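> Spelled out, the chains give:
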Amino acid sequence: MFLWGANPRENHPIIYHHILKGIHNGVKLYAVDPRRTPSAQWADVWLGVNVGTDIALANAMARVIIHEGLVNEDFIARATTGYDAYRSAVEPYTLEHAESVTGVPADVIREAAITYAKAKRAVICWTLGITEHHNAADNVFALINLALLTGHVGRYGSGLSPLRGQNNVQGGGDMGALPNKLVGFQDPLDSDIKTRFEQAWGVTLPDHYGWNVSQMFEAMHRGDLTGMYVIGENPAQSEADQHHARKALEGLEHLVVQDIFLTPTAQLAHVVLPAAASWCESEGTVTNSERRVQRVHRALTPPGAARDEMWIVAQIAKRLGHDWGTPQAEPVWDEVRRLAPNMFGGMSYRRLEELNGIQWPCPDESDPGALFLHGRLWAEPRGGKPAPFTPVEYEPPVEMPDADYPFQLTTGRRLDSYNTGVQSGGYASPLRRREALDLAPEDAARLGVADGDMVRITSRRGSVEAPVHVEPNMRAGVVFMTLHNQDDVRVNVLTIDATDPKSGTAEFKACAVRVEPLGQTAVAGGH
Amino acid sequence: MDLHFSDAKPTAEERRAVDAVLGAPASAWDGAEQRSARDGHVAFAGHAARAQRHLLLPALHALQSAVGWISEGGLTHVCTRLAVPPAEAWGVVTFYGLFSTTPRPGRVLHVCDDIACRARGAKPIMEALEQAVGPAHEAPDGDAVQVGDAAWVRTPCLGLCDHAPAALFTVAGDAPVERSVGPIAPDDAVQAVTQGHLPEQPRRPHPQDGDASLRLLRRVGSVDPTDLAAYEATGGYQALRRALELGPDAVIREVVASGLKGRGGAAFPTGRKWEAVAGQAARPRYVICNADESEPGTFKDRVLLEGDPFAIIESMTIAAFAVGAAHGYVYVRGEYPLAIARLEEAIERARTAGWLGGDVGGKGMHFDVEVRKGAGAYICGEETAVFNSIEGFRGEPRNKPPFPVEAGLFRKPTLVNNVETLANIPSIVLDGGAAFAKIGTEESTGTKLFCLCGAVERPGVYEVPFGATLGELIDLAGVPAGAGVKAVLLGGAAGMFVKGDERDIALTFEGARAAGVTLGSGVIMVFDERADLVDTVLRIAEFFRDESCGQCVPCRVGTVRQEEALHRIAARRTLGGLQSELHLLEDVGAAMKDASICGLGQTAYSAVESAIKRLGLLQEISR
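Chains as they are written, first to last, in my numbering: chain A, 1 to 527; chain B, 1 to 623.
It should be emphasised that the hints constitute simulated quantities derived from the structure, not laboratory data. Errors might be hidden in some of the hints.
[Stated by the list, open to error] Computed cross-link-like contacts, DSBU-like style, restricted to lysine-lysine with a CA-CA straight-line distance of at most 35 Å:
id, chain 1, residue 1, chain 2, residue 2
1, A, Lys28, B, Lys412
2, A, Lys118, B, Lys412
3, B, Lys123, B, Lys613
4, A, Lys28, B, Lys400
5, B, Lys486, A, Lys21
6, B, Lys9, A, Lys21
[To be verified] Quick list of simulated restraints, FRET-style, between CB atoms:
id, chain 1, residue 1, chain 2, residue 2, range
7, B, Gly279, A, Asp451, 52 to 60 Å
8, B, Gly576, A, Glu353, 57 to 65 Å
9, A, His24, B, Arg351, 30 to 38 Å
[Unchecked claim] Away from chain B, derived, C-beta distances all over 10 Å, residues of chain A:
id, residue
10, Pro179
11, Gly227
12, Thr301
Predicted model, so just to flag it, every value in this text is computed and none were measured. Even for Gly, the Cβ is constructed at its ideal location relative to N, Cα and C.
Chain B on its own, in the form it takes in the complex:
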């Protein structure tokens, strides 16, 4: 790239924050403040400089968390350090919701304004904040704006739907604070903004805590997630030991035999992915744990990461051993600070104990894991968008083919697996694929985590063997006496609504298919008779419009048109009548489904369509 920098200079604080991540600059060309005599006669750049691009996102995080926003001077320094054209870096910064490109107070409360929290008290919090502090912070017009100490903003789903209403509290500085909390009371929210004080609030135990029959959740809540010895004492690292004895081919055979399908939403056979990566000629190969769980209503991966991080690292190590990878990334959404902290701590401990590094388990295997933190972009959970995000580009999905197994991260063969998918690996290795395949149904093997939230008594993650019905799951979480279930959203914003009386839908891949719905990421969001479904559908439409990466026309334009039409319908100001608006929605929906590059656009109409066709939303509005 040709690099053209402006004259904007970083502050000492910004320089310190960036250099803490990237190391001290080697020369003035690399961003040092003073030019040496040597700098006048030599500069190193080129391939080596451009190869650092993947550090862009970590460097931007460093700026954001040090000073609360990303200034031109700070960005220029990052770009100088990494040989990235500032215009490109600007494109990256503005891609992410958690970065601010205008001055913003250092202390910010991000209040979840998404469907699950709205159903459980988000609005009173925002009203209290509006009253006490003023309206939500917005990017100021023009420059040289004085900003105060603190502000609050609205944010899409924080993945704390089991703790709704939820918020993320961030304080920039030398010792930055990032904490996600829920349920949060209006007074606490106000106090957090005005006083900077937010009481510690441990996670509630998950509803099945103590159930010895659980496979994926058995350690969550009962075994200290920071204690490697406790992990090993409860069966941890047995599977990796076994895998190292079995050899890569045998491990893959067991995974194939298990019938395990991906738990991120696409339900692709995991064993086939592993085989495909292992069969590539190119090296190096990478393993990515996709922990960018951003589907509204989904929080199961967070529960696993916060509660049993060693299990995910062990599973990644087994995967790496099987497919021949030496480097792994866990890509975690930026809204999960506790999960990130737990993972980083676990990785450090595993490394110290020799479970990561140059001689894993004393068997000479080389594997290490890095945590990469997302910055507020739903689309980055798309498996190819993850690559772009890690590589330091805008998190836009790539066209397929080539598929990730052939050309993924850094255009090398890459295994991308969801957190929950990986969590199944140890038991498959230890008990054998055949034993695993006996659990659940023939087509849907193993157990599944479901995220129960909304109008239920005991929201949380529930682990059940495949085969349970929707009604059984809802009963597990409990519906308050007298509150009828009006509708259920299956699979999150990208999923579909079903009616409250469709209790008999079998929550298996085949059962969902037969019922014309999707399991998606395992969201079961329950709406009772009092729920405002119009508001919910409008919020979903707003969500997709906001999260569309804008790369392809069907999605970029379609999500906007869809939201506009729904607003007109809701406001009873239709253009050409309801039927005409319905046709428009159908047309736009079909175009998005057929022609979008990735799953975001392809499913952006699903929930809206099901609300219209299954729930009769339009009739409800026009009634």
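Same shape as in the complex, but just chain A:
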């Protein structure tokens, strides 16, 4: 198993529980991460890449696999396209080149590649270490290429697994909460699909995709977007280059925020709609990392004026001239099943209860659900279209350290807190310490600072102050902060809004900063 740009020990504790079972059963674990995270400490081998050099590593591994004659030729022939172009593309990624780019010793890269290729079963899991880069999609393609090269996909125990950061990220996508997809990942510009939805809903759908969040913020800056309805997000703190993002939100003519907390974004809003908590005060479903759709039951009555989100949406629709009545969870879900029958057709509420959830796709009521995807690539004859290799080239992060900003700041999360802290900050944790700048002992010595000493961290976009935490699991030249305590330390003031054009994700994982000791020590203790 490869954990690539993922720290599930802290950030995905539930699935890590399962990973631990695998480890106890003998799984050999490789962790690719600039930091030796708690997950990486469990690994048999930690490959401490330089920040943002994943493609160089993946391509070099591919080259080793090709040169060692370990490619899965049968699989490549039967199920893929574009192998020759890929082979030529990775050829310049020699071990020497990869070592100089990634910092990982050549012998270690070679061993990892050979082990991955020779394994009977192998999984690559990734999360934000791969996707929070300006070339996020290319990073993902680099990993997909490795799986295609070795046939580690579409089989029991082998595959590619982007771990989801919360219980229903997958469900949001499933339901079409994406600017270019309808429910069940259907393309709204496909005329058949568009017609089907228009007939079902009795409306005309736009003939263009929507904007992703990054594009929305660009539109706000241009003045093309003047009103916003934010549901369960906190962009005032979660967006990169926070000064810039906040200015955009403050410039809106009308901002509506629907949330269970009065977040800093909600504090900027013209209207706040208090919502029921979807995991305990509402009926419905969620979809987890393994595509398992599960029923959620209402256990509590929402407090005060908080309302079920379905009700709120229907009320807004009503005031916009569409009377949807008072929608209930099960009929809404049945409509989802009708409109995306290939994905959810067989998932009645009754079956979801009986089977403790079902993994999509599940087209009809006799289908048990799918344990893994892409098995079609191995079917005889192969089902569907072949899987394309997508050659990608290494590109360094947009902002690299230089004489003025000599450190590379990478951001992430810790076990005890969640994202911007909206859901976790209000609760005490014995593990939590106040926000601090993690840095390597060598850098601490060079700067003459110790645990608790205050420093100013400055990027081209802004500056924050925080105490230092000397962290032996950091490498010199790299510093780390979280986004959990933005009320105290607004880390996203520093981060760069360099966005991947394909996915719309900003490069939270890499920007250049300067660290200056302030000559004072922080008051001890957390909060």
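Once you've looked at the hints, dock chain B against the given chain A.
For chain B alone, coordinates are given in the frame of chain A:
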């Protein structure tokens, strides 16, 4: 495990001691002082790191014997090296009596304070030490305590009851000293602590020295235990040669036919154990020689290990050949430094001569033996506790099933045999199981070693064919004229008292059963009319309370309640009267017997119960 280390750093001395055992660290992640550039980009840990856990106990010994205690920095270094969470390692350190987690002087005299030595002059030694040096060393409260150069401590049975009163002398440092001595005079004890000087004192010959009819003890005292040639000249390695000719199945058949039963105390048929291990599908398999002889009053295995170590190694090799094991461990209690040294020397010589290693006896068999040193824990003699101790965990017994033959050391099929049990193997292989079965009685075959100690003239190990009576054994050791025998403790602290006049008890497995007693490990501890039996019973109760591993409630709570009740009775401050205390003891005893996981708890009431019921101890107190 998630590893969280404190900032405590090892001293150069501690680092050197640990790295001498574990080898130089490969990287800063593995405990090296300096981080290399490579360390910033790669770390190896995971399965390989966690697989080193079994080195925890040897590494802790290295710290203890280098600096005299185990500091936070030293422990952190060990934990870094072995990928063990410090909290877990702390649990292991504090499990063992010989490890100190607080600063302690480098030079320590451990004075035996157990039943046999108490009966033979331990108290005057401790009084002399108290007068000359002060009270026994105790863990200091708080930290930053100055400790002096030397101290003395009380210790449970050192297995030198034939040399009572006994002591263990340890000096930490680059060339650490560990020496067990006895009998020790009060002046010598004081001098050892104050001057660091303790005269060399060879072991006394065993009482039957020179008796040509002995089978197990025949080389002890007469053949140099460090001389492999002398061992071979007196029949050594003939049995292994024969075994290699016979083949594994035939060897096991002979052991089954011999009727040999385990000599550690449980008397399980040895041949059946061997068959069971050989019949397992799983590999690898292990052979363990259980030399954690810690039952108070027992010292027979020490005599064999010190006096004839090659015989134990040869026997283990035969066992390994029979059951298909390639790796063996001798688990020796830490209080036996001479036995450990002799074994290690013998193993080295056997290896050099090709009797261990990749081609044993030139027949292509692969077998090697490692000595693992205990650290002061009675419970580690329990056969499953041995596994946990070797594996680097607290020496807590495991639930059975699975039995050791299926899932023992490292959860693999394991043969665990006691030292004396193994010592019988060569003659069984050479003479055949049938010949062996003719010795002794039908149910108790062969000869047996008995540990005579206490109020006898010639304490020591006696080898007799099964069938002798208690009276005959006592007469062999001799009771001083005019000193009547008041009571005898059979089988050690986990055994039972009988009255001095129960001389006719046949010391066979069946005879003991018929008399309602146990042979246990072969202890015959004699108490004369002057003996303070109340003190002895209180000491036994204290022993069990102290040695309970604390894993299961009946034993953890029961041993405490039992000791408290006995103290109240002895002090004539009973709660609710004597009868009520007696009921309490009965209740607690029954709970321990029925519900404890292992033999420690199950027998913790045996000696107390027999003292009350057989000897009438309570009447004596209330008289």
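> With the threshold set at 35 Å, check whether the alpha-carbon distance from A:Lys28 to B:Lys400 stays at or below it.
holds (31 Å)
> B:Lys123 and B:Lys613 were given as a pair; does the straight-line alpha-carbon distance stay at or below 35 Å?
holds (28 Å)
> For the pair B:Gly576 and A:Glu353, does the Cβ-Cβ distance stay inside 57 to 65 Å?
This hint holds: roughly 59 Å between Cβ atoms.
> Check the hint pairing A:Lys28 with B:Lys412 against an upper bound of 35 Å on the C-alpha distance.
Roughly 22 Å between the alpha carbons, so the hint for A:Lys28 and B:Lys412 holds.
> Is the straight-line distance between the alpha-carbon of B:Lys486 and that of A:Lys21 35 Å or less?
violated (60 Å)
> Would you check whether the claim that A:Thr301 is not at the interface survives, using Cβ distances to chain B and the 10 Å cut-off?
holds (39 Å)
> Does A:Gly227 really sit off the interface, with its C-beta more than 10 Å from all C-beta atoms of chain B?
The claim stands: A:Gly227 keeps its Cβ more than 10 Å from every Cβ of chain B (closest is about 47 Å).
> With a cut-off of 35 Å on the C-alpha distance, tell me whether A:Lys118 and B:Lys412 pass.
Holds, at about 28 Å.
> Verify that the Cβ of A:Pro179 lies farther than 10 Å from every Cβ atom of chain B, and report whether the claim holds or is violated.
holds (39 Å)
> Just tell me: holds or violated, for the beta carbon distance of A:His24 and B:Arg351 against 30 to 38 Å?
Roughly 35 Å apart at Cβ, these two residues keep to the hinted range, so it holds.
> Between B:Lys9 and A:Lys21, does the CA-CA distance stay at or below 35 Å?
holds (33 Å)
> Take the C-beta atom of B:Gly279 and the C-beta atom of A:Asp451, compute their distance, and say whether it sits inside 52 to 60 Å.
Holds - the Cβ-Cβ distance for B:Gly279 and A:Asp451, about 59 Å, lies within 52 to 60 Å.
When the structure is compared with the earlier hints, a violation turns up for hint 5 alone.
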